[in-house]
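Chains A and B, in that order, give the protein sequences. Residue numbering for the first sequence follows our numbering, beginning at 242 and increasing consecutively. Residue numbering for the second sequence follows our numbering, beginning at 141 and increasing consecutively.
The set of hints was computed from the structure by calculation and includes no laboratory data. The C-beta atom is built at its ideal place from N, Cα and C for all residues, glycine as well. One thing to keep in mind: the hints can contain errors.
[As the list claims (entries may be wrong)] Reference listing, derived: stretches of chain A covered by chain B, where coverage requires no fewer than 3 residues with Cβ under 8 angstroms from a Cβ of chain B:
| # | region |
| --- | --- |
| 1 | 401-409 |
| 2 | 519-526 |
| 3 | 686-697 |
[To be verified] Label-pair distances were calculated between CB atoms; the ranges are:
| # | chain 1 | residue 1 | chain 2 | residue 2 | range |
| --- | --- | --- | --- | --- | --- |
| 4 | B | E310 | A | N365 | 26 to 34 angstroms |
| 5 | A | S599 | B | P332 | 39 to 47 angstroms |
| 6 | A | R763 | B | H222 | 18 to 26 angstroms |
| 7 | B | D238 | A | N365 | 39 to 47 angstroms |
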Amino acid sequence: MLEGAFVCAQCTTRLGQPSVLRSTQKLVLPYSVRRLSSHAAQVDRPVRVAIVGSGPAGFYAASRLLSKHQDAVVDMYEKLPVPFGLARYGVAPDHPEVKNCEDKFTEVATSPRFNFVGNIDLGNDLPLAALKPHYDAILFAYGASQDKELGIPGEKALRSVYSARAFVGWYNGLPEHRDLQPDLTSGEDAVIVGQGNVALDVARILLSDVDTLRRTDIADYAVETLSKSRIKRVRVVGRRGPLQVDIPTSHSQSIQASFTIKEIRELLQLPSVSFDPIPQDVLPPEEVINGLPRAQKRLMQLLAKGSANDPHTATKSWSLDFLLSPDSLHWSPMHPYRLMHTKFSRNELDPADRYSPSSKITPKYLSSGKRAMVNLPSSVFFRSVGYKSLPLPGLEDLGIEFDSRRGIIPNDGFGRVTSPSGLGESQELPDGSLITHLPGLYCAGWVKRGPTGVIASTMADAFTTADTLVKDLATKKDSQSLLEDPEQSSGLGWDGIKAEAASLGLRTTSWQDWQRIDAAERERGQRKGKIRDKFGRVEEMLEVIG
Amino acid sequence: MALWREFGLQLRRAVPRASAGDVCLARPRRYVSYSTAPWRTGGAANPSLRNTGAKKDLRSVSQGWTETRRCFSVTAQAAHGHITPPKPGEEINVTFIDKDGNKVELQVAEGDNLLDIAQANDLEMEGACGGSCACSTCHVIVEDPDIFDKMEEPSDDENDMLDLAFGLTETSRLGCQVIMTKELDGLVVRLPSMTRNLQASDFESK
Chain A
242 MLEGAFVCAQ
252 CTTRLGQPSV
262 LRSTQKLVLP
272 YSVRRLSSHA
282 AQVDRPVRVA
292 IVGSGPAGFY
302 AASRLLSKHQ
312 DAVVDMYEKL
322 PVPFGLARYG
332 VAPDHPEVKN
342 CEDKFTEVAT
352 SPRFNFVGNI
362 DLGNDLPLAA
372 LKPHYDAILF
382 AYGASQDKEL
392 GIPGEKALRS
402 VYSARAFVGW
412 YNGLPEHRDL
422 QPDLTSGEDA
432 VIVGQGNVAL
442 DVARILLSDV
452 DTLRRTDIAD
462 YAVETLSKSR
472 IKRVRVVGRR
482 GPLQVDIPTS
492 HSQSIQASFT
502 IKEIRELLQL
512 PSVSFDPIPQ
522 DVLPPEEVIN
532 GLPRAQKRLM
542 QLLAKGSAND
552 PHTATKSWSL
562 DFLLSPDSLH
572 WSPMHPYRLM
582 HTKFSRNELD
592 PADRYSPSSK
602 ITPKYLSSGK
612 RAMVNLPSSV
622 FFRSVGYKSL
632 PLPGLEDLGI
642 EFDSRRGIIP
652 NDGFGRVTSP
662 SGLGESQELP
672 DGSLITHLPG
682 LYCAGWVKRG
692 PTGVIASTMA
702 DAFTTADTLV
712 KDLATKKDSQ
722 SLLEDPEQSS
732 GLGWDGIKAE
742 AASLGLRTTS
752 WQDWQRIDAA
762 ERERGQRKGK
772 IRDKFGRVEE
782 MLEVIG
Chain B
141 MALWREFGLQ
151 LRRAVPRASA
161 GDVCLARPRR
171 YVSYSTAPWR
181 TGGAANPSLR
191 NTGAKKDLRS
201 VSQGWTETRR
211 CFSVTAQAAH
221 GHITPPKPGE
231 EINVTFIDKD
241 GNKVELQVAE
251 GDNLLDIAQA
261 NDLEMEGACG
271 GSCACSTCHV
281 IVEDPDIFDK
291 MEEPSDDEND
301 MLDLAFGLTE
311 TSRLGCQVIM
321 TKELDGLVVR
331 LPSMTRNLQA
341 SDFESK
């Protein structure tokens, strides 16, 4: 009945006797759920925490929570039938070592106090408010499901123009983008706008030897498409200069994260791929480079050194093009479906302050007074200017005012969800300002701080949130429930919801189900000589578990 | 088989945790890890049994440092921490200073790396990439610059990752890349805080 979920003996007994019902007047939520008798005030029931999202942020938060609070039980909700979010669907297939974090997540999941609920799209399949009566705290770690747009003419074209996010999802076997079918055969030039690590991943996949990729867990159909690719030249274009490109650290708070040196080095070392040297007037002179902080200095030195591969013998090439803003996309007059070039407007750095990271970037004008423009040949175009989070439907029922401008759930930096309009308990900060927390609600990862940083930053961030939650639980001595007053949380977690979910016809997946899918994927992969062969469709995954 | 397994589990529960912890603390050579996260032992146990275990652990959290250490650990005992016990007379001394300033002195064998050593001893060090030099989570700071100079130069790959580490210093290294040798006897490394100590200003200005 409990399927391995950890519920205390008392709860188990009570589950069998759902006869004592609360008066409906007690229900404060629009979503009326019949609840079991509450025994939240008794200290011996576990603290139930819902984590929404099973990517690195969710798992690192769960890990920390389970280790720091021995009486916490975590239910992790995931939209897909399978866990790991961007560790599975975002990390490039040729970076298997980065996916090693999944080992840790798998270990977290072996805890009897951990419960995975997959294939449930909270907010759409099941109202978020349905969670509230059964949990002591809810932690949102659902990441960033969209990408930012450029807002230029032609961007919405159906062919030859792709979002890097969709492309990454496509080659990683994400069901959502299974049918992207990017056209890589109409010409030799790829243009990627944006200079973050996602852009470099796309460039590397386009430039890599297909046979090297074949052995990774890249989707089969992607290998097939890439093997037919005619792309020979990849331009990674950014609007700023090399020194104004932010280097994300593991605690970077910047909005526009950019590439890391590891990804650049990998691209520079790709066999038979050459790199166009960065023009002298763009790259800072040596004496400036030598005076830079360590990370920037090493990056600039690497860029100045370039690639050892001879452009005459290399079969493919790539470049980093700086100080260009996309203006418009242009199709062939003869073949209206064939992308020809991308028009960029040139930018320039403040001449007085060229080599400062904060140097002002302004549009460049010709002596005629017109904007300086440049056309870059493009047979395929990718936009890669960052991800953004969307509000989950129903967040407002919990009182959360999603910050659409910044694409985050408003929070206090520690992970407690705050209410900018001041609904809820106000608290005075050390500096005298007031902050309003929404008790029991937390967030971690990209939905907390914006889509930036590497896994290490998400880990640190998720740990901070989990520590905060544990601290809040410790200071709330009279009751365990942070979410509502103790009378109102059943503490049953998923066990209190699953009947409702089943009646809606939802077929959720458990950790055991994932293990079967995992085994099936590995077995399929083994037959093809790769680590894993992912199922590209949700139906295929569900078929495995019957 | 199942019977013996159950018996083993019962026996494990019967041994008072505190005493096991004391032994652990009292032993100078802590290269053998005694800690087991409570839920790792209880896979087959029934819910009520598990519950008693959980309660016991909740109590023990407050019983001091050793106990806290024992209860921490979601770190992989199976996946990591496979370190070799040093041969008598060949122990290498290494000291970790955790983010709260606590010193943990260990005697380890040649050839083990700092990440494995830390995880085998339940120190708070993450290895998100499993020790393959692909993240910066096992960042350590070598206290003595002289010993730092005795170490092999970090590779480009390691430096690339260190560039991303928070609180990078002149003597920073990745734990997974520091392999113990006799020359490093007496090494002292500090573990930087993984979580940021946020100030009020950190979130008010946003």
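Inset, instruction - Three residues minimum, CB to CB under 8 angstroms: does the region 686-697 of chain A make the cut for coverage by chain B? Let me know. - result: With 3 residues closer than 8 angstroms to chain B, the region 686-697 of chain A meets the three-residue bar; holds.
Legend entry - Range hint 26 to 34 angstroms (beta carbons of B/E310 and A/N365) holds or violated: Distance hint for B/E310, A/N365 is violated at roughly 51 angstroms.
Legend entry - Outcome, coverage hint (the region 519-526 of chain A, chain B; C-beta under 8 angstroms; three residues): violated (count 0)
Inset, instruction - Evaluate the given range 39 to 47 angstroms for the C-beta pair formed by A/S599 and B/P332. - result: Check failed, 27 angstroms falls outside 39 to 47 angstroms.
Legend entry - Assessment of proposed distance window 39 to 47 angstroms (beta carbons of B/D238, A/N365): This hint holds: roughly 44 angstroms between Cβ atoms.
Inset, instruction - Look at the Cβ atoms of A/R763 and B/H222 and judge whether their distance stays inside 18 to 26 angstroms. - result: 23 angstroms, holds
Legend entry - Given coverage of the region 401-409 of chain A by chain B, checked by CB-CB distance under 8 angstroms (3 or more): violated (count 0)
The structure fails to meet hints 1, 2, 4 and 5 from the earlier list, while all remaining hints are met.
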